[in-house]
Amino acid sequence: MGAHVTMNDLTWSAQGLAKWYGQVIALNDVSFEIQAPIVGLLGPNGAGKSSLIRLLTGQLRPSKGRVSVMGQAPFGNRMLLARMGYCPEHDRFYEQLTAYQFLEMLTRLYGVEAAGAARLADEALSRLDLTKQRDQVIFTLSHGMRQRLKVAQALAHQPDWLVLDEPFSGMDPIGRAKMIRLLRQQAEGGCRILLSSHVLHELEAVTSDILLLHQGRLLAKGMIQSIRRLIDEHPHRIALTAKNPRELGRELLKYEDVARVEIENDSLVVETRSPDACYDRIGELALAGGFQIKSMLSLDDNLESVFRYLVK
Amino acid sequence: MNQVDSNNQAEIYDQGYRPFDGSLASPSTRFWPIAMRELRQAWKDKWFRRLLWVAYIPLVVYCVLVVISARFPTINLNMDGLWPKFWRGQLFLAVFMTYFIGRGAVGEDLRTGALTVYFSRPVSFLQYLLGKWSAVSVGVAGVTLLPGFVLGLFRYLAEPDSNMMQFLGWLASIAFLSGLVCALFGLIILAVSSLTRRSRMAGIVWFTMFFVLSAAAEGISEATGMSQFVLMSFFEINVKMAELLLEGSGGLEPGLWLGLGHLIWMAAGFSVILIRLRRWVRM
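Top line first, the protein sequences correspond to chains L and W. Following this note's numbering, the residues of the first sequence are numbered contiguously, the last one being 312. Following this note's numbering, the residues of the second sequence are numbered contiguously, the last one being 1283.
Next comes chain L alone, as it looks inside the complex (with noise of 0.2 Å):
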């Protein structure tokens, strides 16, 4: 809506950035400056990413420090909310609207006047899949339907920023892979995006920037795959479950790179510093038969394994 963003502003920046409720602090002393088509927001439970999404889109004022999209600090800036989209992650709200009356009054919200607002909610509805829910009581819809008319809303007035919290969850595979496809589609049109997400393979789908918040701080910023190397630099642990453990885990240690070798029952875990060099190793030992290996599972490609490296 209105002007086009400016590449060479800074999409989303902080600076010694905190916000507290009471006793409680949400977030301490958080800085950074990223600009980047998708920026993704990771962090666990409580690691203060809803406290943050809620400074960026301009519904809480920052107990101390600076944030700001595109320069502007968002806390009652009216110019910048209506080029904003905000998909929050609660969707229990307003059940017995249609799909159609909830977009065209959240559409009106940012000033569009009627028969625009009619407009573009046909027309989100439409690019979500929703046509055939139009008319259809958001209480009745499923929670994937939900998911994505959320998504919508945000959508609808064409925003220049969009802000998603958690867009993914309920999703089914299907909606998961069209929502990927939509908001690429969406930066490559020049929309800039911030979502955030708990799983770590649902980010790295749209985008290789992230922000990670763990406890109210950043705990890391950048692209994937240098916190990947990060996690690489520390023992990987890979689970295997072989017919012959003891002898898979002697010819295993026989190599450099693998630290440790934990035996249970059929199953054993390798701790090794060349994750893929030990990958490709199992695959071989594996296509050779003598260890009969049934089954390999990265126990480190996770987001909490992230936490639990860079925490260390």
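Since the hints were made in silico from the structure, they are not lab data. Hints should not be assumed to be uniformly reliable.
[What the hints assert, rightly or not] From the derived model, a few chain L residues whose C-beta atoms are all more than 10 Å from chain W:
(1) SER169
(2) HIS198
(3) ASN265
(4) ASP266
(5) MET296
[Claimed, not checked] Which chain L residues face chain W? A few, computed with CB under 8 Å, are given here:
(6) GLY71
(7) ALA73
(8) PHE75
(9) TYR94
(10) MET105
(11) LEU109
(12) VAL112
(13) GLU113
(14) TYR279
Even for Gly, the Cβ is constructed at its ideal location relative to N, Cα and C.
With chain L's structure known, arrange chain W on it following the hints.
Quick look at chain W alone, frame taken from chain L:
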């Protein structure tokens, strides 16, 4: 860009980002979608729709009485105090109307997290409040202002001794009184609604306040002989104000007291809302 195949008449639509190039409404009207949602929500309640019908029964009865009294003077109908009696009845209905529209107006938004959606948009706190208040006011005006105007018009047309000045005086008084009721009931129900996330609880508190305070105000003012105690009840001060304006009973001093009472109640209601929603207050 959209891709079009002219042979097959097929078209692939571009679902990517496009900046909005339509016209924008004035920010001053941004409260209206909020009010419309509240009214739409209330309309879905069958008891609300029934109340709307019931609200016009007294009007029909009073109109019939006015016609009988004017056309058949031999039938001795006591038409003294017609306006206060009519107004008291409409106020009673306004209490129910306020309940239906306003009981969950703020509490539901607090419960469901809808406030985050409102205030992530370019909506100010006052626009939000105005939207909620307007919805209650439309309902209250529907059972006070509109029937009042119709009754005034009916009296003017039916009663041979009424004149234009008298008619205009009734209309002005009804408009003023209705405005007071809308302001007062609207702010109080929004304050009550902001205190609890459960609509039912807000409704119970609203009716308890109405009954208990009305009974207490009337009882104490009668027992002590001090009419100022009617200020305790947001219902009774409206009844007394109607008597003052429509019947000319009382004088300047009671009028000042009643005006002060309205201001105190409104300030209290607004303060409660402000405290409860302070996190969302912005320009």
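Checked hints:
Look at SER169(L): its CB is around 14 Å from the nearest CB on chain W, clear of 10 Å, so calling it non-interface holds up. Separation of HIS198(L) from chain W is adequate, the least Cβ-Cβ distance of about 19 Å exceeding the 10 Å criterion. ASN265(L), annotated as away from the interface, keeps every beta carbon of chain W farther than 10 Å; the closest lies near 47 Å. A cut-off of 10 Å between C-beta atoms confirms that ASP266(L) is not in contact with chain W; the least separation is 48 Å.
The non-interface label for MET296(L) is consistent with chain W: the shortest C-beta to C-beta separation is roughly 39 Å, beyond 10 Å. Evaluation of the GLY71(L) hint against chain W yields a violated restraint, the C-beta minimum of about 18 Å exceeding 8 Å. For ALA73(L), the suggested interface contact is broken, since its CB lies about 11 Å from the closest CB of chain W, more than 8 Å. Nearest Cβ of chain W to the Cβ of PHE75(L): about 7 Å, under the 8 Å cut. The hint holds.
Using the Cβ-Cβ criterion of 8 Å, the hint placing TYR94(L) at the interface with chain W is satisfied: the shortest such distance is roughly 7 Å. Look at MET105(L): its Cβ gets to within about 5 Å of chain W, closer than 8 Å, so that hint holds up. Against a cut-off of 8 Å between C-beta atoms, the interface hint on LEU109(L) holds, since the closest Cβ of chain W lies about 4 Å away. Taken as an interface hint, VAL112(L) checks out: its beta carbon lies about 6 Å from the nearest beta carbon of chain W, inside 8 Å.
At its closest, the beta carbon of GLU113(L) sits 5 Å from a beta carbon of chain W; the interface hint therefore holds under the 8 Å criterion. For TYR279(L), the suggested interface contact is broken, since its CB lies about 38 Å from the closest CB of chain W, more than 8 Å.
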